[in-house]
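Student: Below are the chains, spelled out letter by letter.
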Amino acid sequence: MDNDAYSFALRNTLNEITNACPDIQSIFLFKEDGDIISGEEKAQEEAAVHAVDALDDVLEKAETLGGVQSIILEGNKGTVNVSRTKDFYLVTVVPEKADMKYINTLTGVLVPTVLKLLEKINPSHNRGTPSEPENEEPTVEPDVKPIQESTEETAEKHEEHDVSETSLESILPEPQVNQFIVENVGGLFASSDTVRIDGDTMSQWTELYEDRKIEEVTIETFGGKSTRCKLKPIKDSKYEGKGIIQIPEKIQQSLEIKKGELVKVKPIIE
Amino acid sequence: MVKQKKNIQETTSEFEPIAIERAAHEDDVRPILENIKNCDTVIGYILRNTTSAAIDLKDPTKVIDYATLSSAAFEASEQLSELFDLGKVKNIIVEGKDTKTLHLSIGENNISIFMEKSADAKKILEQMHLP
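Here the protein sequences line up with chains H and E, keeping their order.
Sequential numbering of the first sequence, starting at 1, is according to my numbering.
Sequential numbering of the second sequence, starting at 1, is according to my numbering.
Pairs of lysine-lysine, DSS-like flavour, derived with a Cα cap of 25 Å:
1) H/K86 x E/K117
2) H/K31 x E/K97
3) E/K117 x H/K31
4) H/K97 x E/K122
5) H/K259 x H/K238
6) E/K122 x E/K97
7) H/K250 x H/K266
8) H/K235 x H/K259
In short, the hints are calculated from the structure, not lab data.
So here's chain H without its partners, still in its complex pose (with noise of 0.2 Å):
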C-alpha cells in the first residue's frame, strides 16, 4: 500500500466520520512532521494547513508536559478537539452545542481501529515517512543476511527476493507527494521556469530516493492542473520550514493558481 492508498483510506474515514456527524464543522488528521489529511474540500485543506500552523508552537513547548495527548479549545461558538492516536493527531471542530460524547465514541473507535489496520495491512508505512529518514528503506531492503536465519525463514525471503530480483536496482520508493503553500518568487533574476522549496525536504527526498538528485518536481493544483518544473531551494530564510513554494508568476498563472493557495508536489526522480 503506498502512501496514495494509505492516505486515500484515512480522508476516507474522515468523509465518513462527517456524513455520520454532520455536526462536525472540520475534521483532520496531521502528524508532527507536517502530513496532514483531511477531508476532499480544498477550504478544509487549507483551514488544516493554518491550524497545523497554529498549534505547532503549542506541541513544540509540550514536551515539558511529556508531549501533547490531547488539547480542548473551548469557544464561545465551538470548540476544537485535538487528541493523540498513534503517530497522528485528529484535529476535531465542533459547534457549541454539538453531541460531544457522540462525536468522541465515533471518532475515538474508529480513526484508531483504522489507523491499526492499515498499520497491519502496511506495518512499514510509517516508519517509512521522511521525517524518519532511518527507516525509510524497509520496502526495498534485499535481505542479504540469510546466515542466522532459520531455512524456513531464508525460503521466504528468497521467494520475496525473487520476486522483486529483475527490477530492485530500479525499485525506489514510490514518488511522495507533498502539499505546500503558494507564495510569490521575489527579485529580478528569478528564472521564471524554476520553482523553489525548502532545503530541507529536497535532502529528505534526496535520502529517500538514495541520494539520486531531484532537480524538477510535478506541480498539481487541487483544480486538476499539472506542470513540470525545475527545482532550487528557498533562497529566503524566512520561508524555510513553513512548507511553502515559490513559484514564479508565469507558472501560477498557467496553472491558475494564486499566492496562498495549496498545491501538491511531486519529485521527478530519473
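Please arrange chain E on chain H, whose structure you already have, making use of the hints.
Tutor: Only chain E this time, still in chain H's reference frame:
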C-alpha cells in the same frame, strides 16, 4: 419590562459565569489561585496581565518551560478561534503524558494553571468561576 430583564439575567448566569467578569482584577483573581494552588494535584500557576506577572510553581526550574507553553497556548487559541470562528475563547486544556494545564482569560488576566494528570481540570475551572 422589569420581569423581562430579570429573566435575561437569569438565563445569562446559567451559561456564562458572570463571576469571571467581576473578578477581572488581579487582586480578585490571586486569592482564588492561591486557594487552587493548595490542592495536592496542582503544580502551580502563572498569572499575567498587561502590566505584571505572577508565577508560583512548586518546581522553579520549570518556570521558563511553563511560561513559554502558556504564551504558546494563548497565541494558538487566538489563531484557532479566528480560523474556525469559535468566538471568545473560554478556556484551553492541554493534556500531556505526565501533566496537564488549564489556560483561561479573566478580564485582562491570562491565567495558566499547571496540574498533575490526575487532577480534575473541569473542577478547577469551576473554582475559577467562584463569585
